[in-house]
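Protein sequence lines correspond, in order, to chains F and U.
For the first sequence, this note's numbering gives the first residue as 2, with consecutive numbering after it.
For the second sequence, this note's numbering gives the first residue as 174, with consecutive numbering after it.
In case anyone wonders, no lab produced these hints; they're calculated from the structure.
Treat each hint with caution, since some may be false.
As the list claims (entries may be wrong) - In silico DSSO-like links for lysine-lysine, alpha-carbon gap of 30 Å or less:
id: 1; chain 1: F; residue 1: K186; chain 2: U; residue 2: K333
id: 2; chain 1: U; residue 1: K529; chain 2: F; residue 2: K168
id: 3; chain 1: U; residue 1: K193; chain 2: U; residue 2: K529
id: 4; chain 1: F; residue 1: K186; chain 2: U; residue 2: K579
id: 5; chain 1: F; residue 1: K65; chain 2: U; residue 2: K579
id: 6; chain 1: U; residue 1: K643; chain 2: U; residue 2: K579
id: 7; chain 1: U; residue 1: K529; chain 2: F; residue 2: K186
id: 8; chain 1: U; residue 1: K555; chain 2: U; residue 2: K529
id: 9; chain 1: U; residue 1: K193; chain 2: U; residue 2: K175
id: 10; chain 1: F; residue 1: K65; chain 2: F; residue 2: K168
id: 11; chain 1: U; residue 1: K207; chain 2: U; residue 2: K193
id: 12; chain 1: U; residue 1: K193; chain 2: F; residue 2: K171
id: 13; chain 1: U; residue 1: K643; chain 2: F; residue 2: K171
id: 14; chain 1: U; residue 1: K579; chain 2: U; residue 2: K555
id: 15; chain 1: U; residue 1: K529; chain 2: U; residue 2: K175
id: 16; chain 1: U; residue 1: K643; chain 2: U; residue 2: K175
id: 17; chain 1: U; residue 1: K333; chain 2: F; residue 2: K65
id: 18; chain 1: F; residue 1: K171; chain 2: U; residue 2: K175
id: 19; chain 1: U; residue 1: K333; chain 2: U; residue 2: K175
id: 20; chain 1: U; residue 1: K207; chain 2: F; residue 2: K171
id: 21; chain 1: U; residue 1: K529; chain 2: U; residue 2: K333
id: 22; chain 1: U; residue 1: K175; chain 2: F; residue 2: K186
id: 23; chain 1: F; residue 1: K65; chain 2: U; residue 2: K207
id: 24; chain 1: U; residue 1: K579; chain 2: U; residue 2: K529
id: 25; chain 1: U; residue 1: K555; chain 2: F; residue 2: K5
id: 26; chain 1: F; residue 1: K186; chain 2: U; residue 2: K555
id: 27; chain 1: U; residue 1: K333; chain 2: U; residue 2: K193
id: 28; chain 1: F; residue 1: K171; chain 2: F; residue 2: K186
id: 29; chain 1: U; residue 1: K207; chain 2: U; residue 2: K579
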Amino acid sequence: MQPKRQSVALFVTCLVDLLRPRVGFAAARLLEHAGFEVVVPPQSCCGQPNYNGGDRRGAIALAKRTVRALEGFDYVVAPSGSCAAMIKRHYPLLLNQDERYATRVRDLALRTHELTSFLYEVAEVHSVDAELPAQASYHDGCSGLRELGISEQPRALLRTVHRLELKELKTRDVCCGFGGTFCVKYADVSNRMAANKTRDIQDTGAELLISGETGCLLNLEGKLHREGVPVRACHVAEVLAGMAEVADEDR
Amino acid sequence: MKIDSQHFVQNARIALDNQKLQGALSRFADAFPKLRQQACDGLPEFRELTDIARDIKDHTLENLDFYLEMFEARVAAAGGIVHWARDAEEACSIVRSICTDQGARLVIKSKSMVTEEVELNAALEEAGLRIVETDLGEYIIQLRAEPPSHILAPAIHLTKEDVAETFQGHHHDIERGRGPVERRQLVEEARLVLRDEFLNADVGITGANFLVAETGSVVLVTNEGNADLTASLPRTHIAITGIEKVVPTLENATTMLRLLARSATGQEFGTYTTFFTGPKRPEDPSGPDNFHVVLVDNGRSAMLGTDFQDMLRCIRCSACLNHCPVYHATGGHAYGSNYSGPMGAVLTPSLVGIEKTGHLPNASSFCGRCEEVCPVQIPLPKLMRHWREREFERHLAPSTMRHGLKAWAIIARFPRLYRWVLQRAAGFLRSRARGSSEDGTGWISRLPGIAAGWTRYRDMRAPARATFQKQWRSGRGEQA
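Just chain F, same shape as in the assembly (with noise of 0.2 Å):
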């Protein structure tokens, strides 16, 4: 008789729910693979933008419900730095003096995950059965590098993907300008950091651009259609799901 597997919630996100399914779908397929199984409990919104708008009452509700939904689970993954960091590293300072969640808060800190660092770390997937006949640069969305040390995990999974070839971008470590509300309330400045970005992507030569986190690859998709430049964008989940080139109607 097998083992029961370990469950793990998926958290998808917000952006992932609405703008790119496809994600959600390749981030769980790389959990089963790795044996896990996966699970997608009722969830909502982390409560980032309320937090980092202001609303700390907000955001402290959210992060309650937050912890409700996702309790009972042996791991919670999130495709998303962001979102995990707000979970894992935000939440606890969020509910530590709630008696009735400090404990649980903490709990869920510990058990949550990037899905890369998971895959990595945690699941000890060290290669993935892919393809991807391309170059492409990488693009490390802040939150998950600074706050949860995420770097070099996506880029030893990406390493392994069959016929693709890494370029890095020589603003390794700048914001793209996303930055949730901030690319809508100062939207000058966050177009010149973008356009910044763009202009590093342009000169990897790359023709595509993969990132772990949702925000960024919307802003500089988006960025990128609008200046004409013919670089596809895409999750690092796609990409070693092997899902990276199907077509649009299945995002």
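Keeping the supplied structure of chain F fixed, place chain U upon it in accordance with the hints.
Just chain U now, kept in the frame of chain F:
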């Protein structure tokens, strides 16, 4: 402090359209992070030193009264005088009195952000004094009557052509069209002009990088040596600085110094690093007859014990500005405050209130690069977030944003409502898409309301017909 932060958005746009400024900023943005990185790589214990530095500052701030009084006593023992200034006005009036008591006419200064903060130059000029800035960058912007655009490199927004033009316009013995143009010539020109001012000045005003409580010393770091001349040639030396600059011991000061220059300019040490203690002693060959230290509060003590106390650890190294992508885009003037970049976004509201400075802590993508490079580990994004919380509580945040966030918090609390709203949003976005939007490949190039900020500069790919959660549940047959 003059504040024009209300116009950040407009000022940023002007800065973004200024090609010359953008050129200067992009050279700066390339150079400074690399220099710092090299310097830090050369000091393996850099990260541990920042722990120690943070602890030194925290300990000092917890016992600030004790160390400031110790500093005052040691300055007095060395023959100097400490003055306490509650606010900008008191600071200016103390300095003005010292100058007039000396019968001074010419005052030279080395770079000091606190004197910018309290608007000392204007106060002294009103009293009939002539003020000459001796830091090259400060000197240039003084001639141009501009505020500093960077706390360390005040003229970083200018090119050498700008400087050549400025000197040509102000130094009257330069023959038309035959002035200095190359960097070395420009420095030489400033050096020649300033040399006479140094020799003729009655009072020298400096800031302070650190104050050492156990010795009563004022520590000054420059690369031009101008602070040393300012502090030692005139009869009177006045050091004016914020109360948070004190550290307990010489040992502590040296720890901070190991971090300061590396963080600021990527140097191991400032070219000139000098400890000034008291006026000239009988056995000293030179030095001032009078030694004054003006300790400025101006809102700092009110930060103690609040969410913003950590900001008082700041040693003004400018690493946060040097690494900030927003600062790199707009330069310092757009912030409308002498303190710009991430440190200014936290400090300026603390000093003058959030009412006029609300844009500053909001104009950040929270990328966290500032916190990563801060040598005293100030959690700058967290402190900016605290300001956003104050604005939200006090209804100072824009009402669309406030109501939008409140509505979102309600929607997202009820998963079924959330899913319904998301599905509606997907439908709406698809309806705005051009191209073959039926199969989801269309692009949206125009959105209304706040989302117009997105489509002003970027397109958005139309979403799929159903949200992930809907697709997952229908595909996998899972319960809602």
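Next item on the list: Would you check the hint for K193 (chain U) and K171 (chain F), treating anything up to 30 Å between C-alpha atoms as holding?
Entry: holds (23 Å)
Notebook entry, point to check: Does the structure keep K65 (chain F) and K168 (chain F) at a Cα separation of 30 Å or less?
Noted result: The hint is violated at about 41 Å.
Notebook entry, point to check: Within 30 Å, alpha carbon to alpha carbon, are K193 (chain U) and K175 (chain U)?
Noted result: holds (25 Å)
Item checked: Satisfaction of hint between K579 (chain U) and K186 (chain F), Cα-Cα up to 30 Å -> holds (17 Å)
Check: Under the criterion that the straight-line Cα-Cα distance not exceed 30 Å, is the pair K555 (chain U), K529 (chain U) satisfied?
Finding: holds (20 Å)
Item checked: Straight-line alpha-carbon gap K555 (chain U) to K5 (chain F), limit 30 Å -> Violated, at about 42 Å.
Note to self: For K207 (chain U) and K171 (chain F), compute the direct alpha-carbon distance and say whether it is at most 30 Å.
What the structure shows: The given pair, whose Cα atoms are some 12 Å apart, holds under the 30 Å limit.
Check: Is the hinted pair K171 (chain F) and K175 (chain U) satisfied, with a Cα-Cα distance of at most 30 Å?
Finding: violated (38 Å)
Notebook entry, point to check: Between K65 (chain F) and K207 (chain U), is the straight-line Cα distance small enough, at 30 Å or below?
Noted result: violated (42 Å)
Notebook entry, point to check: Within a Cα-Cα threshold of 30 Å, do K579 (chain U) and K555 (chain U) meet the stated pairing?
Noted result: Between K579 (chain U) and K555 (chain U) the Cα gap is close to 21 Å, so the pair holds against 30 Å.
Note to self: Can you confirm whether the C-alpha distance between K175 (chain U) and K186 (chain F) stays at or below 30 Å?
What the structure shows: holds (25 Å)
Next item on the list: Verify the proposed pairing of K333 (chain U) with K193 (chain U), using a straight-line Cα cut of 30 Å.
Entry: holds (11 Å)
The structure fails to meet hints 1, 2, 10, 13, 16, 17, 18, 21, 23, 25, 29 from the earlier list, while all remaining hints are met.
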